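**Q** Given next are the chains, with one letter for each unit.
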Amino acid sequence: MSAFNAIGEQREIDRDEFTPGVEPQPTWCPGCGDFGVLKALKQALPEVGKTPEEVLTVTGIGCSGKLNSYLDTYGFHTIHGRSLPVARAAKLANPELEVIAAGGDGDGYGIGGNHWIHTARENHDMTYIVFNNEIFGLTKGQTSPTSPKGHKSKTQPSGSAKTPLRPLSMSLNAGASYVARTAAVNPNQAKEIIKEAIEHDGFAHIDFLTQCPTWNKDARQYVPYIDVQESDDYDFDVTDRREAAEMMRETEDVLNEGTVLTGRYYVDEDRPSYSQEKKAVGEMPDDPLAERYFDDDAEWERSYDLLERHT
Amino acid sequence: MSDDELIWRIAGGSGDGIDSTSQNFAKALMRSGLNVFTHRHYPSRIRGGHTYVEIRAAEHEVQSRGDGYNFLLALGDSFARNPQEEAYYGNEEIKPLSENLDDLREGGVIVYDEGLLDEEEVAELELEKRAEENGWHVYPVDLRGLAKEHGREVMRNTAGVGITAALLEMDLEHIEDLMEDAMSGDVLEANLEILDEANEMVGEEIEREHDLRIPTGEHETEQALLSGSNAIAYGAIDAGCRFIAGYPMTPWTDVFTILSQNFPDMGGVSEQVEDEIAAAALAVGASHAGVKAMSGSSGGGFALMSEPLGLAEMTETPLVLVESMRAGPSTGMPTKPEQADLEFVLYTSQGDSQRVVFAPGNIEEAYEQTRLAFEIAWDYQIPAIIIYDQKLSGENANVDVEFFDREPTPDLGSTLTEEELREAAHDNSGKFKRFNYEDAEDGVAPRSLPGQKGGRYLATGNEHSPVGHIEEDPDNRTFQMDRRLEKLESIREELDERESTQTYFGDEDAEYGIVTWGSSQGAVEEAVARLNEQGHSVKGLSVSDMLPFPETEVTEFLESVDEAMVVEMNATAQFRGHIQRELGRFGDKLTSLLKYNGNPFEPAEVVEGYEINLADEEREPSAQVRIEPAAGD
Chain A
13 MSAFNAIGEQ REIDRDEFTP GVEPQPTWCP GCGDFGVLKA LKQALPEVGK
63 TPEEVLTVTG IGCSGKLNSY LDTYGFHTIH GRSLPVARAA KLANPELEVI
113 AAGGDGDGYG IGGNHWIHTA RENHDMTYIV FNNEIFGLTK GQTSPTSPKG
163 HKSKTQPSGS AKTPLRPLSM SLNAGASYVA RTAAVNPNQA KEIIKEAIEH
213 DGFAHIDFLT QCPTWNKDAR QYVPYIDVQE SDDYDFDVTD RREAAEMMRE
263 TEDVLNEGTV LTGRYYVDED RPSYSQEKKA VGEMPDDPLA ERYFDDDAEW
313 ERSYDLLERH T
Chain B
10 MSDDELIWRI AGGSGDGIDS TSQNFAKALM RSGLNVFTHR HYPSRIRGGH
60 TYVEIRAAEH EVQSRGDGYN FLLALGDSFA RNPQEEAYYG NEEIKPLSEN
110 LDDLREGGVI VYDEGLLDEE EVAELELEKR AEENGWHVYP VDLRGLAKEH
160 GREVMRNTAG VGITAALLEM DLEHIEDLME DAMSGDVLEA NLEILDEANE
210 MVGEEIEREH DLRIPTGEHE TEQALLSGSN AIAYGAIDAG CRFIAGYPMT
260 PWTDVFTILS QNFPDMGGVS EQVEDEIAAA ALAVGASHAG VKAMSGSSGG
310 GFALMSEPLG LAEMTETPLV LVESMRAGPS TGMPTKPEQA DLEFVLYTSQ
360 GDSQRVVFAP GNIEEAYEQT RLAFEIAWDY QIPAIIIYDQ KLSGENANVD
410 VEFFDREPTP DLGSTLTEEE LREAAHDNSG KFKRFNYEDA EDGVAPRSLP
460 GQKGGRYLAT GNEHSPVGHI EEDPDNRTFQ MDRRLEKLES IREELDERES
510 TQTYFGDEDA EYGIVTWGSS QGAVEEAVAR LNEQGHSVKG LSVSDMLPFP
560 ETEVTEFLES VDEAMVVEMN ATAQFRGHIQ RELGRFGDKL TSLLKYNGNP
610 FEPAEVVEGY EINLADEERE PSAQVRIEPA AGD
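Chains as they are written, first to last, in the numbering used here: chain A, 13 to 323; chain B, 10 to 642.
If you're looking for bench data, these hints aren't it; they were derived computationally from the structure.
As the structure is a prediction and not an experimental result, all values here were calculated from the model.
Glycine included, every Cβ here is placed at the ideal spot set by N, Cα and C.
Check before you lean on any hint, since a few could be wrong.
With the Cβ distance kept under 8 Å, some of the chain B side facing chain A (calculated, not the full set) [said to hold, decoys possible]:
hint, residue
1, L221
2, M275
3, F413
4, L425
5, E427
6, L430
7, A434
8, Q461
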């Protein structure tokens with residue numbers, strides 16, 4: 013008997029179920045790339061058989077953080093940069109939940125960068141979508157960790173002196189077992205990548221290029237884009253770490269020159285997820301911890317039984 | 010100060026095994042029927058440096074480290090820097106002897122390791138002269154030689170314990186039993202030989218010249234020796250907590266370690282993470298998903314928890330944090346106690362944030378208030394913080410084993426089951442009104458958990474509507490704020506109806522009051538008892554509920570006395586300020602006795618503070634304490 017009967021429920025799922033009655037229309041600017049993420053998620057979730065109440069969407073702060081206002085699942089809109097620690101603990105507490113974390117490039121690669129590195133390192137079984145628009149949008153256009161060198165903004169009026177962060181390479185080196193880049197303007201690829209990420213057993217990181225038509229006109233719409241899997245110009249093995257690293261580096265280099273490369277970059281199906289590793293060393297129970305609190309027959313250990321060592 | 014007690018100080022360097030030796034010796038004293046209380050003084054380094062542990066043992070109740078001490082076992086610091094050179098920090102090797110002489114009581118006993126300590130260095134201390142002046146009895150013994158003869162040099166601890174036992178005419182039975190539990194094979198054999206031989210030296214090579222003997226006592230029930238950190242961890246276990254996330258920091262690490270070691274056998278999960286922001290955020294995430302979870306740190310790490318704490322308050326996610334204070338500001342003195350994070354813990358986090366804060370005064374209270382913190386946090390969906398310090402964290406005392414014989418309480422408080430969710434209020438689109446202010450009782454709106462059927466909602470740190478969506482409507486804002494604030498009032502009402510968590514002591518009709526909080530409680534309680542014995546009209550109150558503040562109780566206490574002195578281990582009288590802010594009065598009645606030199610209060614210092622205050626004397630206290638006069642309202 014489970015206390016969480018939304019989980020694993022087998023039934024027909026309509027994508028409209030993911031549109032909340034409260035806020036069916038997002039407040040994002042017309043032409044915003046964030047619509048692309050929302051749409052791709054609404055399509056992907058029913059296709060992988062997930063119902064709204066078995067999904068926990070954990071977001072950070074920024075335009076991207078409002079994702080779960082417009083996606084009707086269980087949601088936790090946390091604080092700036094902290095979606096990942098909240099998300100991974102929820103997954104440890106109840107591993108049966110489908111956990112999706114999301115945030116922007118400032119949120120995930122800037123203020124939350126430490127959490128991103130360690131969540132990837134530990135390979136938690138979750139999907140992490142970074143809405144990468146190379147700008148701080150909601151605070152009105154400041155330079156972000158992925159803004160191109162020379163990018164002018166209110167806070168770097170003479171142009172940024174910093175080279176942008178390399179999200180794909182960083183994630184690979186940190187330990188993510190699935191790394192992809194997609195773009196809002198490529199909805200079919202986005203949907204397929206999200207489905208793969210959800211079904212992947214480990215930390216799946218999607219760097220999702222989401223154009224900001226208001227504050228980052230330089231990036232245009234990320235068109236034309238090239239799917240590295242479909243193009244004849246690129247040939248590499250996504251399961252080969254060395255080849256993946258090279259392809260990622262090239263992809264990051266050419267983005268600011270106007271060439272938008274997207275696709276799957278690294279897939280490691282063999283690396284055990286964090287909860288598998290933790291169970292293997294005996295530091296995590298086999299059954300979901302959250303279930304235990306509803307089990308009337310559960311026997312709870314007492315400190316009284318530990319006192320022998322103190323007498 | 011009484012002669013019917015032993016206060017044994019074992020001094021050496023970090024890494025000399027002072028901790029384990031003293032732990033076993035304390036346990037042996039407890040098993041022999043005595044009440045024990047330990048005090049730990051150590052530097053922030055892995056090897057070397059002056060460190061000691063004091064064990065106070067008596068037939069009567071012991072609630073503090075006591076005043077001074079009467080038996081020194083100076084092992085010498087075997088990990089000292091440049092032991093043969095005169096560096097700018099002096100010869101560290103001899104510090105376990107030289108640094109400890111000031112606190113030794115008249116007539117006290119000194120045993121030092123003449124096998125390690127240089128004869129000339131000892132001569133420079135003018136030990137003989139000082140011994141004569143103070144009536145000390147000095148026994149130089151070659152502990153190192155004795156240890157090396159039968160085993161390894163590090164076993165000079167055991168030699169020291171053997172000499173101690175013989176000099177005090179203490180039976181070796183319990184010490185031997187404990188050694189047999191902890192060791193085996195050659196190591197055990199060598200240690201037992203060293204113990205015996207050291208013991209036999211007294212009477213043969215060493216002639217006993219002093220009067221101090223081991224006190225005798227008897228416990229009516231079985232006793233357990235444990236620390237405040239043990240008690241907090243055990244309280245959490247019995248409250249059904251099975252998730253902890255943390256990052257190492259002294260002294261909080263003790264609680265984190267104890268739970269990390271026990272959770273695997275209890276189906277629990279412990280996570281050591283990248284920083285304290287993550288640690289508290291993980292506890293929030295686990296709690297959100299339905300597990301009783303906690304985190305904690307010391308001041309510097311707690312600073313990083315400020316934002317997840319605020320998130321827990323706004324999203325009404327139950328959470329327990331512990332804050333183990335050490336001397337600040339900034340890195341301060343990492344291994345020294347202080348009670349200077351009170352205001353920080355009360356007020357950290359932006360906005361009109363609300364939390365519950367308990368400050369346990371001793372080991373039993375640490376256990377009970379941790380359980381209470383979990384109960385309140387999960388019933389009222391509010392963060393509850395246990396604030397304690399390095400002193401309570403590391404000190405050990407004996408507690409009746411039966412004290413812990415209680416039922417666990419793993420229930421999730423105001424959390425709904427799927428069945429209950431079916432009856433609960435939803436909006437037209439089927440979203441659960443998780444933050445419903447219309448049906449809230451005591452300000453509490455029951456919650457659902459992710460994965461439950463019919464319970465989906467949005468949790469957000471933004472102001473939100475009943476189903477959790479971001480909402481800035483003025484009416485909704487006011488309703489939600491008022492509902493959240495009502496919880497703290499409801500908690501106060503509930504606490505007032507239950508058995509008080511405040512501790513009262515001394516003569517009930519007294520005209521003079523001494524008020525304290527947290528780990529200073531024991532020393533104040535002993536001071537008040539001593540003053541009462543001397544015929545002074547004094548009573549004491551130790552407050553545990555920092556928030557919500559026990560307004561009625563503290564008001565009644567302060568109204569009943571002419572004057573009161575607030576005793577706390579900080580320099581800015583934070584608790585006195587808290588009382589005045591909460592009650593808005595009594596500014597003329599309250600003076601302060603403050604100590605912030607890195608050492609906890611001794612009862613005699615409190616007694617002296619009272620005497621100076623009462624007599625309105627101009628003189629300075631003899632110890633490193635400060636009297637802060639009343640400032641008015």
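**Q** So, for every hint listed, does it hold in this structure?
**A** Comparing the hints with the structure gives:
no.: 1; hint: L221; in the structure: violated (27 Å)
no.: 2; hint: M275; in the structure: holds (4 Å)
no.: 3; hint: F413; in the structure: holds (5 Å)
no.: 4; hint: L425; in the structure: violated (10 Å)
no.: 5; hint: E427; in the structure: holds (6 Å)
no.: 6; hint: L430; in the structure: violated (10 Å)
no.: 7; hint: A434; in the structure: violated (14 Å)
no.: 8; hint: Q461; in the structure: holds (6 Å)
Going through the hint list in order, the structure does not satisfy hints 1, 4, 6, 7.
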